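Asker: Protein sequence lines, in the order shown, are assigned to chains L and B. Its first residue numbered 7, the first sequence is counted upward by one per residue in our numbering. Its first residue numbered 835, the second sequence is counted upward by one per residue in our numbering.
Bear in mind the hints are in silico, worked out from the structure with no lab data behind them. There may be inaccurate statements among the hints.
To be verified - Here are the simulated BS3-like cross-link-like pairs (lysine-lysine), alpha carbons at most 30 angstroms apart as the crow flies: (1) L/Lys72 with B/Lys856; (2) B/Lys876 with L/Lys61; (3) B/Lys856 with B/Lys871; (4) B/Lys891 with L/Lys61; (5) L/Lys20 with B/Lys892.
Stated by the list, open to error - Simulated DEER-style distance windows between Cβ atoms: (6) B/Lys892 with L/Gln66: 18 to 24 angstroms; (7) B/Thr912 with L/Gly22: 48 to 54 angstroms; (8) L/Phe45 with B/Asn837: 17 to 23 angstroms; (9) B/Asn901 with L/Cys19: 44 to 50 angstroms; (10) B/Ala863 with L/Ser21: 21 to 27 angstroms; (11) L/Thr86 with B/Arg942: 28 to 34 angstroms; (12) L/Ser21 with B/Lys892: 46 to 52 angstroms; (13) L/Phe45 with B/Thr912: 17 to 23 angstroms; (14) L/Gln48 with B/Asn887: 42 to 48 angstroms.
Quantities reported herein were computed from a predicted structural model and do not represent experimental measurements. Beta carbons: idealized from backbone N, C-alpha and C, even for Gly.
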Amino acid sequence: GAVVSQHPSWVICKSGTSVKIECRSLDFQATTMFWYRQFPKQSLMLMATSNEGSKATYEQGVEKDKFLINHASLTLSTLTVTSAHPEDSSFYICSARGGSGSTTGELFFGEGSRLTVL
Amino acid sequence: GENVEQHPSTLSVQEGDSAVIKCTYSDSASNYFPWYKQELGKGPQLIIDIRSNVGEKKDQRIAVTLNKTAKHFSLHITETQPEDSAVYFCAPRTLFGNEKLTFGTGTRLTIIP
């Protein structure tokens with residue numbers, strides 16, 4: 007089946023620094039990728055929709071200058087948490103929709119990236 | 835937007851018994867009904883899904899039933915095993931339509947050995 011890879015799986019950074027998380031579709035092209043945030047013992051909340059070659063669409067309440075999303079190729083989307091603060095500590099998960107040729111529109115999820123800001 | 839509720843929020847089942855989790859949704863346009871399993875520290879993994887033209891689907895010990903009229907669908911796990919312990923999420927949506935997944939609140943399933 008299709009595989010979505012996230013890197014890094016966990017990262018610890020100091021407050022005020024920026025952190026980049028990568029999301030790759032390994033065996034298919036993904037025109038659309040999604041970024042989610044999950045707090046402990048809570049459900050996944052959609053942050054933004056990333057479209058290849060265009061600007062991301064952010065959900066209400068998500069600061070686009072804080073969470074920079076780049077989707078420069080059909081297999082890679084990146085999320086950069088800028089000037090991270092402890093409240094940004096969370097589990098970030100990406101997903102990608104099966105690309106052209108997919109008959110199900112199935113969404114495949116990455117393994118997640120745990121960010122801890124000290 | 836879609837309102838999605840899951841019940842129960844936590845469920846403890848003796849190993850070998852069955853577990854049922856129910857998902858209720860509000861958007862009548864939804865036509866795709868997946869269940870995801872999330873293990874600790876990992877991303878969600880699709881375990882079973884069903885489309886609106888089917889009432890039930892089974893895959894070994896896992897099954898999903900759909901009642902589109904009542905707008906709910908359920909996950910059934912039979913002969914539960916310790917490795918079934920995880921958090922389960924439903925995420926009904928419209929295939930190839932609005933891609934915004936609205937996840938249910940999740941159900942923490944614990945299998946008691």
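Asker: So, for every hint listed, does it hold in this structure?
Answerer: Hint check:
no.	hint	in the structure
1	L/Lys72 with B/Lys856	36 angstroms, violated
2	B/Lys876 with L/Lys61	28 angstroms, holds
3	B/Lys856 with B/Lys871	14 angstroms, holds
4	B/Lys891 with L/Lys61	38 angstroms, violated
5	L/Lys20 with B/Lys892	48 angstroms, violated
6	B/Lys892 with L/Gln66: 18 to 24 angstroms	39 angstroms, violated
7	B/Thr912 with L/Gly22: 48 to 54 angstroms	52 angstroms, holds
8	L/Phe45 with B/Asn837: 17 to 23 angstroms	20 angstroms, holds
9	B/Asn901 with L/Cys19: 44 to 50 angstroms	47 angstroms, holds
10	B/Ala863 with L/Ser21: 21 to 27 angstroms	43 angstroms, violated
11	L/Thr86 with B/Arg942: 28 to 34 angstroms	32 angstroms, holds
12	L/Ser21 with B/Lys892: 46 to 52 angstroms	50 angstroms, holds
13	L/Phe45 with B/Thr912: 17 to 23 angstroms	32 angstroms, violated
14	L/Gln48 with B/Asn887: 42 to 48 angstroms	33 angstroms, violated
When held up to the earlier numbered hints, the structure conflicts with 1, 4, 5, 6, 10, 13 and 14 and fits the remainder.
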